[in-house]
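2 protein chains.
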Amino acid sequence: MEPLLIGVDVGGTNIRMGVVTPDGHIPKKIEYPMDMSRGGLAMMEGLVSRLQDFIQQETGRDRSEIRIGIGIAGSIDMKRGLLVTSPNLPDLHGFPLQAYLQERISYPIIIENDANAFTLGEGWKGAAKGSRHYCGITLGTGVGGGIVVEGEILHGSEGMGGEVGHMVLNPKGPLCGCGGRGCLEVYASGSGIRRRALEANKKGKGKKILKKGRGDIKKVTSEEVFEAAKEGDRTALKIFNEMGRYLGLGLVNLIHLFNPEKIVIGGKVSKAWDYFIGSTTEVVHQRTMKGQREKVQIVQTECGDDAGILGAAYVALKLE
Amino acid sequence: MEPLLIGVDVGGTNIRMGVVTPDGHIPKKIEYPMDMSRGGLAMMEGLVSRLQDFIQQETGRDRSEIRIGIGIAGSIDMKRGLLVTSPNLPDLHGFPLQAYLQERISYPIIIENDANAFTLGEGWKGAAKGSRHYCGITLGTGVGGGIVVEGEILHGSEGMGGEVGHMVLNPKGPLCGCGGRGCLEVYASGSGIRRRALEANKKGKGKKILKKGRGDIKKVTSEEVFEAAKEGDRTALKIFNEMGRYLGLGLVNLIHLFNPEKIVIGGKVSKAWDYFIGSTTEVVHQRTMKGQREKVQIVQTECGDDAGILGAAYVALKLE
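Quick mapping for you: the protein sequence lines, in order, are chains A and B. Quick note: my numbering has the first sequence finishing at residue 323, numbered continuously throughout. Quick note: my numbering has the second sequence finishing at residue 323, numbered continuously throughout.
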């Protein structure tokens with residue numbers, strides 16, 4: 004009997020879980036906000052409880068084999084099942100996540116970085132289907148990435164590879180949460196877009212952006228900067244143009260290092276695709292070598308919000 | 004019977020070839036200057052002739068199986084055996100190198116990028132022995148690199164991956180031969196060191212460097228800048244310090260993307276190790292995440308000038 008899969012996507016603001024069939028359909032899924040008010044451990048307890056309920060309700064009694072895959076933001080030591088660092092769970096650094104979950108849930112569980120899960124989801128059912136050499140990038144609150152080499156996700160020696168968001172693009176650039184400066188993440192993330200909107204506001208620019216924030220620039224979201232861009236706000240348009248150029252520099256590095264067939268870009272910021280992709284492809288064209296440039300396709304997510312669930316389920320499917 | 008291997012390292016100024024035993028010893032090797040005076044094709048004809056002589060003289064009559072591996076600078080399309088671009092052989096762009104050689108030499112031949120060969124040589128017999136996740140960097144006239152993932156060199160979809168030298172570190176930096184700006188190569192190569200010496204000279208700095216060039220700064224080599232550093236020339240010391248910092252930025256990117264156990268650094272510029280490695284490790288310490296930084300060792304080549312021959316032979320050994 005084929006296993007039934009549960010894919011879980013632990014994001015920065017929401018948790019999504021879905022029943023996934025071995026051929027990649029999602030007959031049932033739920034989404035609920037991630038409650039961080041009582042800290043990371045309480046959040047984990049909540050996750051376990053929700054997951055137990057979901058399994059019981061959705062999988063029926065006669066399923067002999069269930070496997071669970073969980074994608075979670077952060078640097079994961081896959082060998083030891085540790086959450087080494089996590090941007091959303093600062094009180095759980097070094098947390099033995101795999102063991103914690105496995106003690107509470109009787110079905111086999113595997114954890115994976117959320118951007119790796121996104122990447123695998125796109126390779127399984129989305130924009131990189133059939134590709135054996137590709138990269139995935141998630142433009143969310145932060146910037147995540149996954150690298151597939153010869154059909155396998157690149158984990159590196161400890162499972163912490165593929166940290167695309169922390170490539171240095173400008174050594175004197177703004178400070179990043181990782182301790183570095185001028186990483187891709189400070190330019191191409193939702194936080195980076197907000198930062199640029201704040202900086203523009205200080206110079207008296209971006210009136211439509213300010214309006215979106217109901218007069219308080221500090222409350223403006225990256226989605227609202229995008230809204231302002233759609234309405235033709237010149238500052239907002241400039242912000243996405245600049246963001247696209249830095250993203251392009253990041254892609255140049257990925258192309259030189261990995262010679263991929265495809266680069267799939269997802270995450271909420273990728274919804275502003277038409278507002279940044281022009282400058283991205285321009286930079287890629289200017290700065291890569293001909294042989295490499297000709298082959299690579301830069302494409303938008305096809306799985307959208309489901310990519311994380313699909314990829315987490317895929318990891319569980321491939322569990323040995 | 005085990006195959007006898009011939010490893011060939013086609014560098015920018017010299018060609019080295021060696022007989023290599025299947026356990027990685029080099030009982031015999033030769034080195035001769037690369038003659039580019041009559042163009043790339045004449046150089047190739049010379050290489051074939053030398054190689055034929057070398058095989059005849061050194062391998063005896065009773066060897067039933069001989070395999071030849073050739074490491075050569077440039078972007079190589081391994082699927083089709085093409086030399087897509089090569090810094091030293093500008094007139095051979097797109098040249099069908101594999102077919103050309105195989106038509107002239109009856110033993111099996113495999114071509115590989117020279118920095119990949121260096122990297123594999125270090126993994127086989129040198130500083131990365133036993134490691135399954137590591138990177139190799141060659142600091143020569145240019146900067147090359149090789150990435151090993153799960154024990155295999157990363158070729159990417161067309162065999163053009165691992166172009167470490169063309170990671171963008173500073174988007175407004177000096178123009179690079181690849182068409183980009185501020186690539187690792189413009190900072191950490193021998194050419195980059197010469198460029199900095201010239202720039203310093205224009206400002207009236209680096210008297211000992213100028214002296215090494217017998218009064219003509221344009222004739223100064225990167226080795227001579229190193230000599231001046233050893234004699235305490237402050238400008239030369241500063242040049243290597245700065246070069247080390249950019250190299251560090253490159254390593255930060257490799258560590259974030261590949262989570263390697265080791266990074267092995269070779270090439271002629273690496274001989275100035277003690278003059279740049281301090282600032283390199285400082286930058287790596289400042290800009291990488293704890294979990295990744297703790298694991299990685301940054302080490303100097305152990306095979307030295309033999310790494311290329313060994314790695315090319317290793318590729319031939321693994322030929323299926």
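Incorrect hints may have been included.
Heads up, the list lumps identical chains together, so a pair's fine if it works in one copy or across two of them.
[To be verified] Subject to a maximum C-alpha distance of 30 Å in a straight line, what follows is the list of computed DSSO-like cross-link-like pairs (lysine-lysine):
1. K271 - K321
2. K293 - K82
3. K175 - K274
4. K205 - K271
5. K208 - K175
6. K298 - K321
7. K175 - K298
8. K205 - K175
9. K298 - K82
10. K210 - K298
11. K32 - K214
12. K274 - K31
13. K206 - K32
14. K241 - K132
15. K241 - K31
16. K82 - K211
17. K82 - K132
18. K210 - K82
19. K274 - K82
20. K210 - K31
To be clear, the hints were calculated from the coordinates, so they are not data collected in a lab. Given the structure is predicted, the values throughout are model-derived calculations rather than measurements.
Subject >> Hints not upheld, ascending by number >> reply: Hints 10, 11, 13, 14, 15, 16, 18, 19 and 20 not satisfied by this model.
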